[in-house]
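Visitor: Protein chains in written order, with this note's numbering: chain A, 4 to 201; chain B, -2 to 297.
Quick caveat, the hints were computed from the structure, so don't treat them as lab data. Be aware that one or more of the hints could be misleading.
Unchecked claim - With a Cα cut of at most 30 Å, we get these calculated DSSO-like pairs of lysine-lysine:
(1) K179(B) with K24(A)
(2) K24(A) with K182(B)
(3) K168(A) with K107(A)
(4) K24(A) with K180(B)
(5) K68(B) with K14(B)
(6) K4(B) with K107(A)
(7) K160(A) with K107(A)
(8) K182(B) with K168(A)
(9) K72(A) with K107(A)
(10) K168(A) with K4(B)
(11) K46(A) with K199(A)
(12) K199(A) with K24(A)
(13) K107(A) with K78(A)
(14) K179(B) with K14(B)
(15) K24(A) with K14(B)
(16) K24(A) with K46(A)
(17) K14(B) with K180(B)
(18) K14(B) with K40(A)
(19) K4(B) with K160(A)
(20) K24(A) with K4(B)
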Amino acid sequence: MRVGVLGVQGAVSEHVRTLIKTMSEMGLDGDVEVVRKGDQIKKIDALIIPGGESSTISRLLDTFELREKIISRVKNGMPIMGTCAGSVLLSSQGDEAVERSESKLLELMDTSVIRNAFGRQRESFECLLDIHGIADSFHAVFIRAPELALLPGSDAKVIAEFNDKIVGVEQGDILSFSFHPELTDDVRIHRYFLEKLI
Amino acid sequence: MEIEISKLRFGSELLKKGFASMQKGGVIMDVTNADEAAIAEDAGAVAVMALERVPADIREAGGVARMADPKKVREILDSVDIPVMAKCRIGHFVEAQVLESLGVDMVDESEVLTPADPFYHVDKSLFDVPFVCGCRNLGEALRRIDEGAAMMRTKGEAGTGNIVEAVRHQRTVQGAIHELRKKDKHELRDAAKLYGVPLELVQEVADMQRLPVVNFAAGGIATPADAALMMQMGSDGVFVGSGIFKSENPPMMAEAIVKSVMHYDDPETLADISDGLGDAMPGKNIDDIPESERLQERGW
C-alpha cells in the first residue's frame, strides 16, 4: 500500500506522521509518500490533500502539472481525502471568496464550499464532534475553516455537522472534512480512509 | 446534536501552532495597501503582512517605527481572503491587543519596529491570536517559544536585500540544535540554564533535532534563489519584506518567489523562474550599516 500526501504547501508532515501512526496501529505494511511530481501520481493507491491555503495549492497544482493526473486517477476509483483547504479543492463550486481568488477547483465531489465560513483565526476553535459511521466525540480542530453544502440531486452523504453547518462529506471513496484530523493524535478518520484500501 | 458554544476552545496552543502549520511551504509578503495585497494574493502568497512602510523605507525614514495605523490594517483585512498578519513593537502588548481586536490572524512581534520594553518581550501565552517572532540564535528562539510564540523566523537584516544575515541566523540556530544531540542530561540542564528556558523545552528540541514550531526565513530575501537557498537550508517557508515591492517588477517577482519556494530543490526550474525578472531590490552591505542601526540587535 502506497499512500500519497500532496506536498506542495501546508500541513504535509502532519498528515505523513498521522498516516504512519495509523498504518502501524492497523498493522499495515505500507509507504507514505510526499507527492510533488506528476509521475508519482501513477504509483500511489490513495491521496490526501492537506490543509494550507487553497488558493496557493490550487495554483501549484497547475505549476506542477498535477491537476489532470489527480482528476483522472480519482475518476478511475482512487480514494482521496481532503482536509480544510483540501476539502475546498475537492468541491465543484465555490463562493465569492473562491471566485475572487481565482482558485480552480478539482470538481471531484458534488459539494459547494464557503471559504472561511467560521471567520478569521480568532474564531478558530476546537470541539468534540460526532462523525457518522466513523467516530463519536472526535477531537476536531477548525482553523479558518470552510463550510460545505451538497449540490442538488447528489448521492454524497453528510457525515459531520457543526450545528447547522456541514463539515464532513463522503461520496464513494472520497472524503472531505472542514477541520484538521492531522493535528491531533486521534487516528480514527485516517483509519477509516485507509480501510477503503483493504 | 447542537454543540454549545461554551464548550468550544478558542486560542489554544494547538490552534495557534496549527495555524502556523498551514503556512508551511508558503511565502508571506509585506504589503502596504490593498493594491499590493491583491498582487500578493494573485501571485500565490499564503498570507500578507500589513505594514505602513516596508522595512527598507522604515530604515530610510529613521525615527520611531510603530504599529501600522488601524485604518491601514483594516484596508488590507478587507481586501484579501488569505490570512493577514501585522507587526507590533517588541514588548508593546497594547499594540498586540489592538491588532488582535482588529482581527489580524497572526501578530509579528518584530525588531523591524522600535522596541517598546527594555526588559521583556510580550507574554504571548496570554493572547488568543498566534505570534511569530524573530531570532538570531537558539537561545532567542527558545525564549520566544517559552513566552508562547507559535512560529519563529530568522531575523536576518530586514530592508537590506542581503541574505547573509538570514543565512547566519539559520546556521547558528541549526548548529546549536545539532550540538544538543551530543549532550547528556546534566549538559542539557546547563543549556536550559544558559538559555533561560525550562529543561523540557531543551530536551524536546534535542530529541526532535528541530525547533518545536514552524520556522521561516526572513530578513534579506530579494531573489527566487535567495528563497530557495533558505528552503534548502531547512526553512519551512519564507517572509519577503522589501524584496518584492522594491524590485523592478513586483507582480513577476512575487510569483517567481512563490514558485521558487515550491521548486526549491530543482535548479533547472529555478533557472527558468529567475529568467528575465528585471532588477531585484538594490542591496546594502551589512558592514556599511553601523551596529547601532542594525535591526537584528533589537530583542534578546
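Visitor: None of the hints should be skipped; say for each whether it holds.
Guide: Consistency of the hints with the structure:
In summary, the hint linking K179(B) to K24(A) is supported, as the alpha carbons are separated by about 28 Å, within the 30 Å threshold. For the suggested pair K24(A) and K182(B), the alpha carbons sit about 28 Å apart, so the restraint of at most 30 Å is met. Among the hinted pairs, K168(A) with K107(A) is consistent with the structure: their alpha-carbon atoms are about 23 Å apart, no more than 30 Å. Taken as a hint, the K24(A) and K180(B) pair is honoured in the structure, with Cα atoms around 29 Å apart against an allowance of 30 Å.
Restraint check for K68(B) and K14(B): the C-alpha separation of about 28 Å stays at or below 30 Å, so the hint holds. Restraint check for K4(B) and K107(A): the C-alpha separation of about 36 Å exceeds 30 Å, so the hint is violated. Restraint check: the Cα-Cα separation between K160(A) and K107(A) comes to about 24 Å, which is no more than 30 Å; the hinted pair holds. The straight-line distance between the Cα atoms of K182(B) and K168(A) is roughly 50 Å, outside the 30 Å bound, and the hint therefore fails.
Taken as a hint, the K72(A) and K107(A) pair is honoured in the structure, with Cα atoms around 15 Å apart against an allowance of 30 Å. A C-alpha spacing of about 17 Å is found between K168(A) and K4(B), which places the hinted pair at or below 30 Å, so the restraint holds. Restraint check for K46(A) and K199(A): satisfied, since their Cα atoms lie roughly 17 Å apart, inside the 30 Å limit. Annotation: proposed proximity of K199(A) to K24(A) holds, straight-line Cα distance about 17 Å (limit 30 Å).
In summary, the hint linking K107(A) to K78(A) is supported, as the alpha carbons are separated by about 17 Å, within the 30 Å threshold. A threshold of 30 Å between alpha carbons decides the hint, and for K179(B) with K14(B) the separation of about 28 Å falls inside it, so the pair holds. Of the supplied pair hints, the one linking K24(A) and K14(B) holds, its CA atoms being roughly 20 Å apart against a limit of 30 Å. A C-alpha spacing of about 21 Å is found between K24(A) and K46(A), which places the hinted pair at or below 30 Å, so the restraint holds.
A hinted pair counts as satisfied when its Cα atoms are at most 30 Å apart, and K14(B) with K180(B) qualifies at roughly 28 Å. Between K14(B) and K40(A), the direct Cα distance comes to roughly 28 Å. Compliance with the 30 Å bound is thereby established for this hinted pair. Our distance criterion of 30 Å between C-alpha atoms is met by K4(B) and K160(A), whose separation comes to about 26 Å. Restraint check for K24(A) and K4(B): satisfied, since their Cα atoms lie roughly 29 Å apart, inside the 30 Å limit.
Against the hints set out earlier in the document, violations occur for numbers 6 and 8.
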